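**Student:** Protein chains in written order, with this note's numbering: chain A, 1468 to 2002; chain B, 8 to 133; chain C, 9 to 219.
By construction, these hints were calculated from the structure, which means they are not laboratory data. Don't take every hint at face value.
Straight-line C-alpha distance at most 20 angstroms; calculated SDA-like pairs for lysine to any residue [stated by the list, open to error]:
no.	chain 1	residue 1	chain 2	residue 2
1	A	Lys1646	C	Leu15
2	C	Lys137	A	Gly1692
3	A	Lys1646	B	Asn75
4	C	Lys128	A	Leu1891
Simulated DEER-style distance windows between Cβ atoms [claimed, not checked]:
no.	chain 1	residue 1	chain 2	residue 2	range
5	B	Phe42	C	Leu15	48 to 58 angstroms
6	B	Leu79	A	Lys1886	49 to 59 angstroms
7	B	Gly46	A	Phe1590	50 to 60 angstroms
From a predicted model like this one, the values you see are computed outputs, not experimental measurements. Idealized CB from N, CA, C, for every residue including glycine.
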Amino acid sequence: MSNFAERNFLNTPAGWKSWLVTLDHKRIGLMYLYAIMTFLAVGGLIALAIRLELLNPGSDFVTADIYNRLFTLHGAIMIFLFIIPSIPAALGNIVLPVMIGAKDVALPRLNLLSWYVFCVGAFIALYSILKGGVDTGWTFYTPYSSSTETAVVAMTFGAFILGFSSIFTGINFIVTIHKLRMPGLTWFKLPLFVWGLYATAIIQVLATPVVAITLALLIMERLWGVGIFDPAMGGDPVLFQHFFWFYSHPVVYVMILPGMGIISEIIAHFSKKRIFGYRAIAFSSLGIAFLGFLVWGHHMFTSGQSEYAAMIFSMITFFVAIPSGIKIFNWLATLYNGKITLETPMLYALIFLFTFGIGGLTGIFLGAIAVDIHLHDTYFIVAHFHYTMMGGTVMAFLGGLHYWWPKIFGRMYNETHGKISALLIFVGFNMTFIPQFFLGSQGMPRRYYMYADRFHTLNIVSTVGSWILAAGFFLMLYYLVRSIKHGKPAGANPWGIHGLEWTTPSPVPPENFLEEPKLEHGPYDYDKIMPEKTV
Amino acid sequence: MSTHSSPYHIIPFKTYITVFTALLVLTVVTVAISFVDLGSYNLVIAMLVASIKASLVAMFFMHLYYDNKLNLIIFLISILFLAIFIIFIMFDTMTRDNIYKIKADPINPSSKIYDNQKSSKGGTGH
Amino acid sequence: MSHPAHLQHHFSDSQQQHESSKLGMWLFLVTEVLMFGGLFCAYAILRAWYPEMFFHAHKVLDVMMGSVNTVVLITSSLTMALSIHAIQNNNQKAGVKYLTVTLLLASVFLIIKYFEYSHKIHLGQLPGKFYTFTGIEGNNPHLFFSMYFLMTGLHGIHVVGGMAVIYWMMRRMKRGEFSSEYYTPVEIVGLFWHLVDLIWIFLFPLFYLIG
């Protein structure tokens, strides 16, 4: 049993009360992980309900009003409570300090505060659900959101609070990466996941405050009729959209950049090959972060924006695809001639290349104004963002989860189950969402609970796909939970790969390293030395 | 109580007083100028003076002049993104009316589509 | 010498801790700039749409009170900086005195704002749907007051928050927790307070000094 660290961050210090006041980034990250996976499950069950209603064209189980509340809840939970914190606050918190040879993040008390603020925001959002939820869509467009009788104030206030949790994580990661790198660990020796988290943190700090003031203004509009977004009072409803999307477009890069960081790690380490184009990948993360702030108007092509503004946003939208494309080609070049092994993390990385590729490419179609006029608010959009958010971030998250699982819990999950689950998720995901591209281009609108009969067949395919997807997730829940107590002890380096986190025992000791970590080589030095597997 | 000074840089007392005096003078200036009608330049000058005052506070009271340059870069980046935010939105809001002007223009009379429409009008209608 | 009481275990030395705290506070100030920035943007749009209304509406604001408040805040920034200057020279007594003066000046600011607000409430010069005043030319005068109350209100909330943390620093300094070796919390509270001053430096001309 020397392959399993008896004294680790999970049991030291002992007692559940120590978890409430912990300053250990690994414990905070783990609590985040449990929370976000719970919200993934809740949001997913709502999705199954939505797909069940859409199995047939008419009204089967819910009224239009309930349907509106369901898709709003699905979006708000998945975006604010699952996907935004998923990689940075959960996985990032656990591994970032270890990857740079530090004992903790720079501001551990701010980290704990971030977690508590997340809990408060989540409770407020839960309260809004108990009040019946909201029927505006997660985008809360005015003037409907300033006049509808549903619990808009509660839900937006919850999102407002959650924004601060995200900001605190972002601040912490920037300071940590600048200040706590171990001696000798210069910027271009950092693992690419760290670069991804850094670019993400910059966006979190710059963009999130704008959604904070946006939601605060919406609350003011509802409570005190300030009139800024109300045309009857001389205001501008499109101004709300500008404010909202100034955050909500960059936030999709908050979602994908850490995911891309994980893909860089998995592809390099499971090809046992130096990553191709390290600096290109590092700088493209910063490029995506910057350009991502200049394209938000592409969500507003049909809103009555000025044509000149629309043209500029469209042009820059084409540019922002370039750094993502650079990454894809660098990953492919890394795979080429690599000693590829197909453990579960690598399966998710390969799935990512396919599904995020589709998501990204369809985004380019939508960047063309003339095309978007027809496809906006149809199922084409729904498919596009599910391919990027789920086909991108969620696949990367699952890859990262399986990659670092043995480091966090000290045990391996059942690899066969992992592969079966990945296959179910791959088949189920594509079966759910590919039909939606066709539905959208044939004219099926989004956010409608009924549809024309000619869309019936593809909707059946999509709903059945969602059941296969769900099966994959249920299997994953089973084998991951089982592995915590019954999995094979993993040892420090179950994959036999480079990286500071793989030099310390599993599960990680409370102080991260038992001895002062030594920087002996770079994170991808497979041409110099091949590390040993411990399992 | 130890008597040695801080290991960190200390700004001289005199510097603080000089900056404070400059801030007071600039406040008087900006109030005085607001009583003179310079049309749209009033706003420009007011913002210029405010920016100078803000720079003095940031550079000296907030220590940016003496600090690690990273802190200054971070502050300037926030101003840059705020400028992007305001400029892009103002550009949209101020050019929106142009949509209606463009719609008012007639179709190019020599385009093929216009020709087809004209000929089908003479033929069997739908 | 054994490591100082204030040094947290994950830092290698005091300087790294000090610089990290400052960097963290500067990043937080970035979020404040962007958050207030949204309001400045809304102001810009509305003023561009209704320039005459903004001109006429601003006349009901008292330039004298606004100017006094500007001087009050700038002075409070000075006393905040001088408090740090004092503790850098290990003068805890002077440090506490300057923090107290800062708090007094902040209170003066809030008192003047109280008089301004109550006067407007009395006259019905209120935001949005509560606006009932009838003496202002121009379209949608309620929008001016929406922006006025939103921006000075959010600013006022930050003044109150700033006062709370400055008071906390004053208590800690009285207890002898700070010295020339360690005064980081006071410095980062100071940075926050200077930002509050910075925002007012822009609010003042935009509301009180419209040409």
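**Student:** The structure should be examined with respect to each hint, and the outcome stated for every one.
**Tutor:** Evaluated hints:
no. : hint                                     : result
1   : A:Lys1646 to C:Leu15                     : holds (15 angstroms)
2   : C:Lys137 to A:Gly1692                    : holds (5 angstroms)
3   : A:Lys1646 to B:Asn75                     : holds (12 angstroms)
4   : C:Lys128 to A:Leu1891                    : violated (65 angstroms)
5   : B:Phe42 to C:Leu15: 48 to 58 angstroms   : holds (55 angstroms)
6   : B:Leu79 to A:Lys1886: 49 to 59 angstroms : holds (52 angstroms)
7   : B:Gly46 to A:Phe1590: 50 to 60 angstroms : holds (53 angstroms)
Violated hints amount to a single one, hint 4; each of the other numbered hints is respected by the structure.
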